[in-house]
Structures are given as C-alpha cells and as structure tokens.
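Order-wise, the sequence lines are chains A and B. Note that the first sequence covers residues 1 to 56 in my numbering. Note that the second sequence covers residues 1 to 453 in my numbering.
Heads up, some of the hints might be wrong.
[To be verified] Restraint-style ranges between C-beta atoms, simulated for each label pair:
1) Arg-55(A) / Arg-341(B): 20 to 30 Å
2) Leu-69(B) / Leu-11(A): 50 to 60 Å
3) Leu-11(A) / Gln-397(B): 42 to 52 Å
4) Gly-413(B) / Val-22(A): 49 to 59 Å
5) Val-43(A) / Gln-397(B): 49 to 59 Å
6) Trp-342(B) / Gly-27(A): 50 to 60 Å
[To be verified] Lysine-lysine pairs mimicking BS3-like chemistry, simulated, CA-CA at most 30 Å apart:
7) Lys-218(B) / Lys-140(B)
8) Lys-27(B) / Lys-261(B)
9) Lys-175(B) / Lys-3(A)
10) Lys-4(A) / Lys-262(B)
11) Lys-218(B) / Lys-27(B)
12) Lys-62(B) / Lys-218(B)
13) Lys-62(B) / Lys-175(B)
14) Lys-140(B) / Lys-364(B)
15) Lys-27(B) / Lys-364(B)
16) Lys-3(A) / Lys-27(B)
17) Lys-62(B) / Lys-262(B)
18) Lys-28(A) / Lys-218(B)
19) Lys-3(A) / Lys-33(B)
20) Lys-27(B) / Lys-262(B)
21) Lys-218(B) / Lys-33(B)
22) Lys-262(B) / Lys-33(B)
23) Lys-4(A) / Lys-402(B)
24) Lys-27(B) / Lys-4(A)
25) Lys-140(B) / Lys-27(B)
26) Lys-364(B) / Lys-33(B)
27) Lys-452(B) / Lys-402(B)
Note that these hints are calculated values from the structure, not bench results. Glycine residues also receive a C-beta, built at the ideal position from the N, C-alpha and C atoms.
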Amino acid sequence: MAKKWLPALSLISLAGCLAVPVLHFLGKLGSDSYKLVFLAASVGWFVFATLWARRK
Amino acid sequence: MAGRLASIASQMDRLYEFDREPVSPDKLQSGGKFAGLLAGEHVAATEFVIGAFFVLHGVTAKDLFVGLLIGNLLAVLSWTFICAPIAIRTRLTLYWYLRRIAGPGLTIIYNLANAILYCILAGAMIAVSATAVGLGFRIKTPALNAVFPSSIGWVLLTIVIGALFTTLAILGFEKLSRFAEVCSPWIFIVFIAGALAVLPRLGVRTDFGNFWEIASTKIWNGIPVAGQDRFSLWHIVFFAWFCNLAMHIGLSDLAIFRYAKKWTYGLYTAFGMYPGHMLAWICSGIMVAAVGREMNPGLMAYESAGLAGVAGLLLAGWTTANPTLYRAGLALQTITPNWPRWKVTLAAGVITTVLSCFPVFFVKLLDYVAIYGLVLMPIGAIVFAEHWLFPRLSLEQYSAEKRGWTFNWMVLGVWAGTLVICFLMPIHLYFRWLPGYFIALISYILLSLGRKR
C-alpha cells in the first residue's frame with residue numbers, strides 16, 4: 001500500500017469511530033450495528049495508524 | 001553502612017547518567033510536541049473510575065462542571081508558575097536537582113517511595129483492566145468497601161493480567177511506548193463514543209435540549225450511593241487540582257519541562273486537563289449512570305461501546321501500566337545494583353501484580369491519588385524554597401552538594417514532620433496537602449534561618 005495513503009486511511013478510520021456513536025445518538029443506527037461498526041473502524045485505525053507510525 | 005549507601009548512590013547515578021547534564025538548547029522541543037504529549041498522557045484507564053466515583057459520591061452537576069473548570073485551571077497554573085519556571089532555569093530532572101539539595105542518600109529514599117507509589121498505581125490499572133476481562137468470565141467486580149480479594153477468580157484474573165503486562169514490559173518497553181502513541185487518540189474517542197452512545201438510554205433528546213435536566217437528575221443528582229460520603233464543589237476543585245500533584249507542585253515534571261523553550265509551555269498542560277481529565281471524567285460519569293450506578297468499568301465500557309469499549313479499557317490500562325512499571329523498575333534499581341533491566345522490571349511487576357489482587361487500591365482510588373500526591377508534595381515545597389526563596393533571604397543553596405552530605409537531615413525532618421502533621425489534621429484528606437505545603441515551605445525556611453545563625 002502506498003505510504004501516502006496511510007495517514008488518510010488512519011484519520012478516516014478515527015473519524016469513523018467518532019461518527020458512528022453520533023449516528024447512534026441521532027437514532028439512525030441501532031445499538032448492535034453501532035457497536036459492530038465502531039469495532040470495525042477501531043480495527044481500521046489500529047492497522048493503518050500502526051503501519052503509518054512504523055513508516056514514519 | 002556509609003560505604004553501602006555510597007555504593008548504592010553511585011549505582012543510582014550511573015542509572016540516571018543519561019540525563020545528568022542540563023538539556024542543551026538544540027534538544028529543546030516545540031510547543032506542538034508538548035501539546036501532543038500532554039494531551040495523550042492524561043487519558044488512562046483510571047479515568048473510567050474517577051469520573052464514575054464522582055457520580056457515586058453524589059456531586060451535583062453544577063458543582064461538577066464548575067469544580068472541574070476551576071480545579072483543572074489551578075492544576076494548569078501550578079505547572080505554569082511553579083514547575084515550568086524551575087525546569088527551564090535548571091534544565092535538570094528532579095532526581096539531579098534534589099540530589100544537590102537533599103544529598104544522594106535522601107534521594108534514594110525519595111526514589112523508593114516513588115517506586116512503591118508507582119507499583120500501587122500500576123496495580124490499580126491492572127485491577128481496572130481486570131474488570132473488563134472478568135466480564136467475559138462472569139467474575140464479580142469487588143464491592144466498594146472491599147479490601148481483600150473476594151474470590152479466587154479475581155485473584156487468578158489479576159495475576160494473569162499482571163503477568164501479561166509485566167511480560168510485555170520486559171519484552172520491549174520502547175516498542176510498547178510507540179504503540180501507546182497509536183492507542184492514545186483512539187482511547188480518547190472511546191470515552192466520547194461511550195458517553196454519547198448511552199445518552200439516549202438516559203433520556204437525552206437528539207437536540208440536547210434536556211441535557212442539563214437529565215444531567216442534574218439522572219447523572220450528577222447530588223445523591224451519594226450507600227457508604228460514600230457526599231462531595232461538594234470543593235472536593236471536585238481540590239481533586240482536579242491535586243490529581244497530578246506529584247507532577248506539578250511535587251515537581252516530577254521537571255523531567256518533561258526541562259525540554260521547554262519557555263516557562264509558558266506549562267500552559268500546554270491545558271490540553272491534558274480539559275480534553276483529557278475533564279472530558280474523560282464527565283464521559284465516565286455518564287457511562288456509570290447508564291449502568292445503574294454500578295462501579296464496574298468493564299461493564300460500563302461494554303454497555304457503551306461493545307467489544308471495542310472493552311478493548312479500550314484493557315488498552316488504557318496496559319498503555320499506562322507499562323510506563324508506570326518501567327518507572328517503578330527504574331526507581332527500584334537503586335537498591336538492586338547490577339540487576340539487568342528485565343530482572344528489575346520483573347520484580348516491579350511481581351510487586352504490582354500482588355498489590356493488584358487487593359481491590360482496596362482500585363475501589364479507594366480517589367483516596368490513593370490524594371495520598372500519592374500528599375506523600376511527595378513536601379519535597380516540591382522544599383525544592384521551591386531552595387530555588388526561589390533562599391537567594392532572596394541570603395541563605396546558602398545546595399548545602400548537601402557543597403558540603404558533601406549524604407543526607408540533608410533537615411530535608412528529611414521537614415518531609416516526615418509535614419506528613420505527620422497532615423496525617424493528624426482534622427480536615428478531609430483532599431484538603432490537607434495545601435496547608436501541608438505551606439507548613440513544609442515555612443518550616444524549611446525557618447530551620448534554614450536558624451541554622452545560619
């Protein structure tokens with residue numbers, strides 16, 4: 001994966017972690033879906049941010 | 001005895017040799033670096049417990065918000081006006097600066113006290129993490145009045161987690177520190193996400209129009225749970241202020257601020273106090289209210305953010321226990337000359353793990369935080385007096401260094417005497433450190449004036 005994409009993908013994952021509870025709070029996402037998507041976005045953050053940190 | 005002490009002191013000096021010299025101008029760090037470091041440093045697993053305890057202690061919403069605003073401001077000002085100015089003038093760690101004032105022997109005692117306090121703190125982190133893992137194994141979280149472990153399951157769980165944390169700390173402290181940098185912004189998000197997600201359950205409308213009403217009646221409603229004393233505005237102000245007492249008033253953060261370009265960099269601690277402490281404590285308060293005011297960080301994290309929440313709690317515990325174990329190991333190395341790094345980290349880990357089995361350090365965390373700051377505070381007062389007031393009063397600075405003393409008995413006397421007086425004070429534990437600080441400051445100056453005559 002191109003190095004230049006890692007910061008963007010990391011930040012998108014982190015933004016996703018923040019957006020999902022907002023959607024749940026607004027009633028647009030059920031509790032189970034919120035927890036699942038939050039978990040997926042969290043995994044995304046750890047994968048991309050770790051790769052980003054290693055290449056810095 | 002004197003020979004043994006000299007040998008330990010010389011071992012200790014070698015350990016800290018790398019920061020013996022004042023920081024050179026080319027090593028100074030930018031304000032942005034300070035903001036990032038301080039923002040990440042103040043979101044730990046214990047934040048899950050602290051904010052929740054404010055709810056259990058029946059603080060009102062108004063007292064909480066006003067108290068946190070004032071208390072955190074006082075903490076920021078303490079870093080800015082007390083810690084940072086000394087740091088940029090000396091460019092030394094507290095270890096080396098205290099050595100000049102108190103002598104190498106007393107610095108050993110200070111280090112040992114620090115090591116024990118660090119081990120207890122890391123033990124509390126392990127216990128908090130254990131509540132997350134225990135959820136999967138149906139192991140009951142200890143009661144709020146528990147001192148000793150209540151089940152074999154809890155003991156086994158804390159031992160396994162303690163062993164895991166210790167092993168990882170032995171395998172690679174530096175790699176883990178880099179991983180902690182990745183974890184830190186995400187852990188912060190876990191707090192916000194968790195609180196936001198449970199707001200509808202508490203009845204907060206999507207337009208936030210009734211937030212204050214819900215906050216005042218269902219979260220911080222002014223009613224303590226059974227067995228907890230009621231907190232007022234002043235408890236919150238003082239707690240927020242002394243939560244990092246050892247670091248600002250106690251001057252441990254000379255280690256960080258010696259890299260600052262200006263003393264005003266102390267203001268960057270606001271990034272740790274407001275988005276860090278204040279927001280995290282508010283979020284954990286909301287989460288505990290959503291689980292029926294049950295002090296169970298694992299349950300709070302799972303109910304509010306699912307498996308990611310549990311992972312967040314575990315990682316928050318791990319990433320903060322890791323440097324704490326390292327620091328405890330470094331401090332313990334003073335009495336274990338020639339031990340390799342792995343062996344001393346193992347020793348610190350074993351002590352920490354044993355302590356983590358006792359739930360008292362986790363369920364009485366707020367009191368422990370107060371005691372931690374209180375024990376180290378007199379040293380901060382003594383260093384402050386020596387640095388700023390001695391030259392103005394024409395008193396000799398750094399007597400221990402100039403006269404080659406191993407022990408500055410006056411420092412030891414003021415330190416111990418202040419603690420005895422604080423112990424006997426008929427006021428709440430949270431308020432004792434402030435009069436104690438002035439007692440230490442004034443008595444050290446008076447005794448020094450007496451010695452001069």
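Evaluated hints:
no.	hint	in the structure
1	Arg-55(A) / Arg-341(B): 20 to 30 Å	28 Å, holds
2	Leu-69(B) / Leu-11(A): 50 to 60 Å	30 Å, violated
3	Leu-11(A) / Gln-397(B): 42 to 52 Å	50 Å, holds
4	Gly-413(B) / Val-22(A): 49 to 59 Å	57 Å, holds
5	Val-43(A) / Gln-397(B): 49 to 59 Å	56 Å, holds
6	Trp-342(B) / Gly-27(A): 50 to 60 Å	53 Å, holds
7	Lys-218(B) / Lys-140(B)	25 Å, holds
8	Lys-27(B) / Lys-261(B)	10 Å, holds
9	Lys-175(B) / Lys-3(A)	21 Å, holds
10	Lys-4(A) / Lys-262(B)	35 Å, violated
11	Lys-218(B) / Lys-27(B)	50 Å, violated
12	Lys-62(B) / Lys-218(B)	13 Å, holds
13	Lys-62(B) / Lys-175(B)	43 Å, violated
14	Lys-140(B) / Lys-364(B)	17 Å, holds
15	Lys-27(B) / Lys-364(B)	40 Å, violated
16	Lys-3(A) / Lys-27(B)	29 Å, holds
17	Lys-62(B) / Lys-262(B)	35 Å, violated
18	Lys-28(A) / Lys-218(B)	24 Å, holds
19	Lys-3(A) / Lys-33(B)	23 Å, holds
20	Lys-27(B) / Lys-262(B)	13 Å, holds
21	Lys-218(B) / Lys-33(B)	39 Å, violated
22	Lys-262(B) / Lys-33(B)	13 Å, holds
23	Lys-4(A) / Lys-402(B)	57 Å, violated
24	Lys-27(B) / Lys-4(A)	29 Å, holds
25	Lys-140(B) / Lys-27(B)	49 Å, violated
26	Lys-364(B) / Lys-33(B)	34 Å, violated
27	Lys-452(B) / Lys-402(B)	15 Å, holds
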